[in-house]
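On the provided structure of chain A, position chain B as indicated by the hints.
Chains A and B are the protein sequences, given in the same order. The C-terminal residue of the first sequence carries number 254 in numbering that gives the first Met the number 0, and the numbering is unbroken. The C-terminal residue of the second sequence carries number 254 in numbering that gives the first Met the number 0, and the numbering is unbroken.
Quick caveat, the hints were computed from the structure, so don't treat them as lab data. Please note that a few of the clues may not be correct.
[Said to hold, decoys possible] Restricting the straight-line Cα-Cα distance to at most 20 Å, the calculated cross-link-like pairs of lysine to aspartate or glutamate (EDC-like) are:
no., chain 1, residue 1, chain 2, residue 2
1, A, Lys-149, B, Asp-158
2, B, Lys-149, A, Glu-148
3, B, Lys-204, B, Glu-235
4, B, Lys-149, A, Asp-156
5, B, Lys-149, A, Asp-32
6, A, Lys-149, B, Glu-148
Protein chains: 2
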Amino acid sequence: MSATGEILVVGLGPGPDHWRTPEASAALERATDLVGYAPYLARCPERPGQRRHGSDNRVELDRARLAIALARAGRVVAVVSGGDPGVFAMAAAVVEAIEGDESAHALPVTVMPGVSAMQAAAARLGAPLGHDFCVISLSDNLKPWSLVEKRLRAAADGDFVIALYNPASKARPSRIFDAFALLGRLKAGSTPVAFARAVGRPDEKIVVTTLAAADPSIVDMATLVIIGSSASRLIERPGQAPFILSPRQAAGGAP
Amino acid sequence: MSATGEILVVGLGPGPDHWRTPEASAALERATDLVGYAPYLARCPERPGQRRHGSDNRVELDRARLAIALARAGRVVAVVSGGDPGVFAMAAAVVEAIEGDESAHALPVTVMPGVSAMQAAAARLGAPLGHDFCVISLSDNLKPWSLVEKRLRAAADGDFVIALYNPASKARPSRIFDAFALLGRLKAGSTPVAFARAVGRPDEKIVVTTLAAADPSIVDMATLVIIGSSASRLIERPGQAPFILSPRQAAGGAP
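Looking at chain A on its own, in the form it has when it is part of the complex (with noise of 0.2 Å):
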């Protein structure tokens, strides 16, 4: 065991600087080895002596392997995400490779959690997420769409808010327009809406409207879309984007 390294999951949060927490800097700088998709890599400060190895975004569990690799042949290994790594990130690939890997049980696995793009959203929007909320990825790479059917159905249901991640697909760019399609016809017109692209980086971009409204053509894969519960509500600001509400109080809660 003394000779093994350690992996290290580190949530680089939204993309600014501010909003990476001190815990995932500190890896940064204590690793010997970053692990992750190349654009995430760019955003680690460059340090003599230390190795990069990026990758392609459609290679998850093969990232994760070379993290075990390295960490078993000595290195500090710093597997990067975009975000909080345990929301639809990497934790989930080092965890499932590790799971698959009876040597690998025994190494040092330290996850350490980020910012995540909903909240990232949350805050450019006031307080969306303020009360029971539900979160779904869009992509059907791994599961089939019927379970994501299901999900949007359920969170209807339930009267959720529902944060969307992964709206967009190359391979089948329908899939955001069947999710709407189908929400539309179980919530209300009125409920508002917001598509959140790329909060914190110089692209970014919001957009607040309401479901009967929404045109979800402009989403792509760096939109964080959220759609309120039958309680969201819009404030119009002057001169600035309106505030969504996803008040605390339900009807029938006491006051």
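What follows is chain B alone, placed relative to chain A:
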């Protein structure tokens, strides 16, 4: 407008300084006034000349109105929350207070996201939130218990991972038992369950178990509860707490 101050809604993260974002730390330095629940104010560094307005935990809206009054008087007011202010914390109260006060609509308000308790818990547990999940507050102070039940049922119907905030209530200690009894009828007894208390603080305690074996009497107000989906599984690790993996791949998804 030029004489007005501003409101910064600041997320302190789950506890330790290394999980507080640089943006939040800078806001605590810049603020002339700190407003918040007293235990959260106690986490903020002391600064000469900075005024502190501590309060009890049940008066979020009063706290938000105080922040508005101070900002209108030209002060730079940091409203501090544990975790992420957007997740069952002060952002909703501040936006609600602004909604109810036309003269506050033009006040500059910046919400600063933070790492929330579920993310700290998930980091310790490997990857329990690695797939679609729901986030539900069990508090029925402001919503009827029937709505909590409806959402628990919907979350089970959608086979979401479930994160429960505010699982304990001095006023109604039976609620967590009611919730577990309901979920026990709707989900398999082998479903992984975690009780993650005060993660990142000196009194951190994590219990990993199953729905059939879970003893909800151990929860308190500092506990975050995670209940897996049908796909979630435990991964034993020698000498360490087991991981919970909610895998990226669902049955029926492409390999």
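Status of the hints after comparison with the structure:
Distance restraint check for Lys-149 (chain A) and Asp-158 (chain B): the Cα-Cα separation of roughly 9 Å lies within the 20 Å cut-off, and the hinted pair is therefore satisfied. Pair hint Lys-149 (chain B) plus Glu-148 (chain A) holds up; C-alpha atoms about 19 Å apart against a cutoff of 20 Å. Restraint check: the Cα-Cα separation between Lys-204 (chain B) and Glu-235 (chain B) comes to about 18 Å, which is no more than 20 Å; the hinted pair holds. Restraint check for Lys-149 (chain B) and Asp-156 (chain A): the C-alpha separation of about 8 Å stays at or below 20 Å, so the hint holds.
With a CA separation close to 47 Å, the supplied pair Lys-149 (chain B) and Asp-32 (chain A) exceeds the 20 Å bound. Distance check on the hinted pair: Lys-149 (chain A) and Glu-148 (chain B) sit about 19 Å apart at the alpha-carbon level, within 20 Å; holds.
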